[in-house]
Amino acid sequence: MNKTIRALFHILPIALVFAIAFGLRTHAADKLSIDYDEDDYLRAAQEFAHLIRTSDGRGFLDANYRPEHPQLAKIMFGLSIVNVPEQPLIEDVPITADPAKYLPRELLKPARTMSAWWGALTAALLALINPLGGLVLAVHSFTIKYTSQVMLDGFAALMSTSTALAYYFSKRKQGKAKNALLILSAIFLGLSASSKYLHSAVGIAILIDWFLVAREAGETKKYLRNAFLWGLLSILTFFVFNPFYWPDPLGRIQATLEAVSATTTNPNVVNSAYPVWQQLIHLSTSVPVRWSSQGFLVRLDGLIFLFAIFGLANTWKKNRFITIWLFVDVFLLLVWQTRWAQYILVATAPLSLAAAEGIKVAWANLAEWWRARPERRKEAGKLSTREMKRALPWLIPGLVAFALLTIIPLVLEFAISMTDFSSISIRDGFNGGIWRAISQGLTGQVPAQEIDIGTRSTQVNFTGLNIYPPVFSYVSQSPPNLLFGTGPQSILFFNAMWTVLSVVLQFGIGLAMALLLWQKGVRLGKFWQALFILPWAIPELIGAQMWFNIFRFESGWLYLAAEKFGSASFFGTIVHSLHTSSSIRLIPLLLAAAWYGFPFMMLAVSAGLKMVPQDVLDAAAIDGANRWQAFRTVIWPLILPLIVPALIVRGIFSFNQFYLFQTFSLQTATLATLSYNLFNPTPEYGGLPGGQFAISAVINIIAVIILMVFVILFNRWSKAGEGVSYA
Amino acid sequence: MRKISIPRQIVTQLALVAIGFFVILPIWGMVRLAFDGSLMGRPTEFRLLPKVWAFEPFLRVLDRPYQSVDFLTLLRNSLVVSFGAGLIAIALGFALAYAFARFRFPARQTGLFAILLTAVLPPVAFMTPLYILFSILQIRTSLLALILVYAAFAMPFCIWNMRAAFQAVPKELEEAAFLDGASDFKTFLYITLPLALPSIAVAGLIAFLMAYSEFAMGWFFVDKADNVTLAMSIYAMTQSWGGAQPWSYLGSLAIIMSIPVVVIFLIFQRALLERMMFGAASDS
Chain A
1 MNKTIRALFH ILPIALVFAI AFGLRTHAAD KLSIDYDEDD YLRAAQEFAH
51 LIRTSDGRGF LDANYRPEHP QLAKIMFGLS IVNVPEQPLI EDVPITADPA
101 KYLPRELLKP ARTMSAWWGA LTAALLALIN PLGGLVLAVH SFTIKYTSQV
151 MLDGFAALMS TSTALAYYFS KRKQGKAKNA LLILSAIFLG LSASSKYLHS
201 AVGIAILIDW FLVAREAGET KKYLRNAFLW GLLSILTFFV FNPFYWPDPL
251 GRIQATLEAV SATTTNPNVV NSAYPVWQQL IHLSTSVPVR WSSQGFLVRL
301 DGLIFLFAIF GLANTWKKNR FITIWLFVDV FLLLVWQTRW AQYILVATAP
351 LSLAAAEGIK VAWANLAEWW RARPERRKEA GKLSTREMKR ALPWLIPGLV
401 AFALLTIIPL VLEFAISMTD FSSISIRDGF NGGIWRAISQ GLTGQVPAQE
451 IDIGTRSTQV NFTGLNIYPP VFSYVSQSPP NLLFGTGPQS ILFFNAMWTV
501 LSVVLQFGIG LAMALLLWQK GVRLGKFWQA LFILPWAIPE LIGAQMWFNI
551 FRFESGWLYL AAEKFGSASF FGTIVHSLHT SSSIRLIPLL LAAAWYGFPF
601 MMLAVSAGLK MVPQDVLDAA AIDGANRWQA FRTVIWPLIL PLIVPALIVR
651 GIFSFNQFYL FQTFSLQTAT LATLSYNLFN PTPEYGGLPG GQFAISAVIN
701 IIAVIILMVF VILFNRWSKA GEGVSYA
Chain B
1001 MRKISIPRQI VTQLALVAIG FFVILPIWGM VRLAFDGSLM GRPTEFRLLP
1051 KVWAFEPFLR VLDRPYQSVD FLTLLRNSLV VSFGAGLIAI ALGFALAYAF
1101 ARFRFPARQT GLFAILLTAV LPPVAFMTPL YILFSILQIR TSLLALILVY
1151 AAFAMPFCIW NMRAAFQAVP KELEEAAFLD GASDFKTFLY ITLPLALPSI
1201 AVAGLIAFLM AYSEFAMGWF FVDKADNVTL AMSIYAMTQS WGGAQPWSYL
1251 GSLAIIMSIP VVVIFLIFQR ALLERMMFGA ASDS
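Going down the list, the sequences are from chains A and B. Under my numbering, the first sequence has 601 at position 601, and the numbering climbs by one with no breaks. Position in the second sequence (first residue = 1) + 1000 = my numbering.
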């Protein structure tokens, strides 16, 4: 192949990614309304533009409007409007003020366009590593949002991505080229920190990965020296590009720290009461439609997040650094007190790379499934007619019963989800209205109606699949209940997080207890075992009631204790933090879930431990294996076949968890609770419109689809769980 | 492995005590309520022990726990519904389970997938369409409807487990009987069924327990106080529409309702675990 053509093949995807990214960002820059902070940074930009125009070098030493952020990105915005005729400075408002109603278009437009350039360049840079990853970043809605508004995060992300890329490519080079790239990465790291402090996270990731590489090569000493020089260079760069620090470095650092802590404790941050996991919600959901209905052509962030999770294992195998980069970023996002959505731009670049890997994995799996089709058909064709004849007398009665009790209800559920059936049209629905609507709709006699939740129609109407999109966006963008702050929330996210957290907790306690009781000569072993089984044996309804009896508002044990011992007591502090921290409100629920679930896990692990042969352990001990090694290499593989099905059973149970939330009066916590309470023809509490049969049906179908994917994935990917596969 | 050292024993016991406390705490909260004769409504002060030890709430609950319905009626409803659901799930499901365990036929994999999927669905996914279906058939408020709802929910799980149980019966045994001239049905009746019966019984027991402790669907279906089950009456008591009763009634009813289940679990723990893990723990 001709060299030029080959070069073209390399450049074309990158150029394409850039074009798509830039197009989407300029579109958003055009449509999005003015957001918080845009006025601030625009004002800062005006100040810097003025300094540049008047060649006032000294001015840079002091100008730093909103000093909780460094100067560089603001200076860049200044460059974007340097040719715009001078305008009066944008009003200086408190940091907690609402977004500006109006900003001069001559200023806003070039600044936003510059932001779009940065965002598109970041995507193109990422395409250097993986064009698909670049494409993913290009279409990521939250990334688009903050790289098309006057926000510091776009430039900072460009710098931190450059840092990561320089390091990434340095790993593949030797000698001078390697050193040059490393120096470049140090400089870019300094520039990242000069744009927004949190974006120096990539530096931590580099240091960790670099250390791991050095340790494998036995060059820890050399690493320490090099890493020190590397860090020094980046700090130097940081100071060079932040003249604000020059006059009085220590004093200015202190001033910055004060400004930062002032932002993290500012009333907006505090009142929003974002839970610890808020940034995971921002990462896993698209920009809510109510924030902007027109700014984004696609909203795929949830899908991207899922693909990233699927791609994690492969990313780790192929490219440890990318995974470390992602984890460090996500960890910092979780612990960082300010949880505004724009901060996630720290992590969206590595997230996109992981997602690209996930898409590849999914694609490979699909292709494999497609390829194996003829073989499967051959396998199915082998069935003998004799056996078929023998099977029929068993199959027919069984299928009839199964169909009557489970298949028909599910089909009916799907049918209802294609109507607007509600308690208003209950009479018509029960008298054949559902059947009429569906049959007329499917045969095309009536068109699918647009949905209208507030419909007062006493007739059941056919709506086709029209209810699905709004209901799906409802469950993916609405708060699971009233407990978790004011930020974007998602019932789906909560449902998933709940599943993971409660299963991990149950498994941790269950495993620990099983191992403790497995030791030889533990006193009262039988007693403890019997005691620990109790929560499993107590009906869920009553267990939930028992926990509610502790945490129930006012009459719960905890509240009564706080009343008795005063608000400064231990109990008082717990009650106080339950009231003030949205994250802590999850703990009572998790405690109850762990209480229910750990005995099951303990029993499963115990059953597995019984199968560990003593002589193998003895042999391992003779070979000098310590306890951890014995566990890792002997015990764990033997108990795994029992743990995996137990995890799956408990995982499905947690996903469907209903009675616990219902008892705690959290009517919209999970899909199951939401569906139940929206269905309820006689709502017991205010707040939820009951009798929404069609909407409840849609939610159920969504749950069915999620569980279906879960079962399919599990069957395809889990070799350890043969117990539940189609043996 | 040698017996553990004394310091290790102490650390182990401390950890066990901590978790033991965690296990006992909520249970104790309920016991304390149940035996407190001084409660007029909800508890109003913090106490670790009942203020006035009394057995009266238990006696009262054993008489008329919920509105004017007496305990025996509630218990009878619970037993009828739970036994009915368990029996129907087993009786209607076994044929399908056997077919999937022994024969190869077209779309077998798809069928297995459907059974597994329906076994993991949340109860509400069956409850809502059955509510509408039974309303149309005008049998919604009968106990039979409730039995069918619980049976529908339990059946896929039972089928899956019975299939595992049938599969665990050695095929050679069946083939020997078949070669001796026994029909498929006879082979099943005299060879396979007796061997698989214990596992089937446990699957049925799980279906029973599921129905026994279910309340949320119950309240959608039942509209006569005479048809209320124990679990439903507990839920009603916790919601204020159960009437403003002393909470000691709630506590004692919860304990009375739990005791048989706890006993069952303690006796059959190994078998229940095996079935609840869809047959994955069947080693011994």
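Just so you know, these hints were derived from the structure itself, not from any lab. Please note: incorrect hints may appear among the correct ones.
Within a straight-line C-alpha distance of at most 25 Å, the following computed DSS-like cross-link-like pairs (lysine-lysine) qualify [to be verified]: (1) K360(A) x K178(A); (2) K389(A) x K1186(B); (3) K389(A) x K173(A); (4) K389(A) x K171(A); (5) K173(A) x K318(A); (6) K221(A) x K178(A); (7) K520(A) x K1003(B); (8) K564(A) x K1003(B); (9) K389(A) x K1051(B); (10) K610(A) x K526(A); (11) K222(A) x K171(A); (12) K360(A) x K318(A); (13) K176(A) x K222(A); (14) K176(A) x K109(A); (15) K378(A) x K389(A); (16) K610(A) x K1003(B); (17) K378(A) x K171(A); (18) K1003(B) x K526(A).
Practice task
Quickly compare the C-alpha distance for K389(A) and K1051(B) to 25 Å and report which way the hint goes.
Solution key: violated, 71 Å
Handout entry: Given hint K526(A) paired with K1003(B) - CA-CA distance at most 25 Å
Key = This hinted pair holds, its Cα atoms lying about 16 Å apart.
Exercise for the section: Could you grab the alpha-carbon distance between K564(A) and K1003(B) and see if it respects the 25 Å cut-off? Expected result: violated, 46 Å
Handout entry: Pairwise hint evaluation, K171(A) against K378(A), where the allowed Cα distance is 25 Å at most
Key = It is violated: about 48 Å lies between the C-alpha atoms, which goes past 25 Å.
Practice task
Mind checking the alpha carbons of K378(A) and K389(A) for me, to see if they're no more than 25 Å apart?
Solution key: holds, 20 Å
Problem - Straight-line alpha-carbon gap K176(A) to K222(A), limit 25 Å - result: With Cα atoms ~16 Å apart, K176(A) and K222(A) stay inside 25 Å; holds.
Handout entry: Pair hint outcome, K221(A) versus K178(A) [Cα-Cα no greater than 25 Å]
Key = holds, 19 Å
Handout entry: K389(A) paired with K1186(B) [C-alpha distance capped at 25 Å]
Key = holds, 16 Å
Handout entry: Restraint check for K222(A) with K171(A), where alpha carbons must lie at most 25 Å apart
Key = holds, 16 Å
Problem - 25 Å Cα cutoff - pair K360(A), K318(A) - result: At roughly 13 Å apart (the allowed maximum being 25 Å), K318(A) and K360(A) satisfy the hint.
Problem - Restraint check for K360(A) with K178(A), where alpha carbons must lie at most 25 Å apart - result: With Cα atoms ~29 Å apart, K360(A) and K178(A) exceed 25 Å; violated.
Practice task
For the pair supplied as a hint, K520(A) and K1003(B), confirm whether the alpha-carbon distance does not exceed 25 Å.
Solution key: holds, 5 Å
In summary, the structure is inconsistent with hints 1, 3, 4, 8, 9, 14, 17 from the numbered list given earlier, while agreeing with the others.
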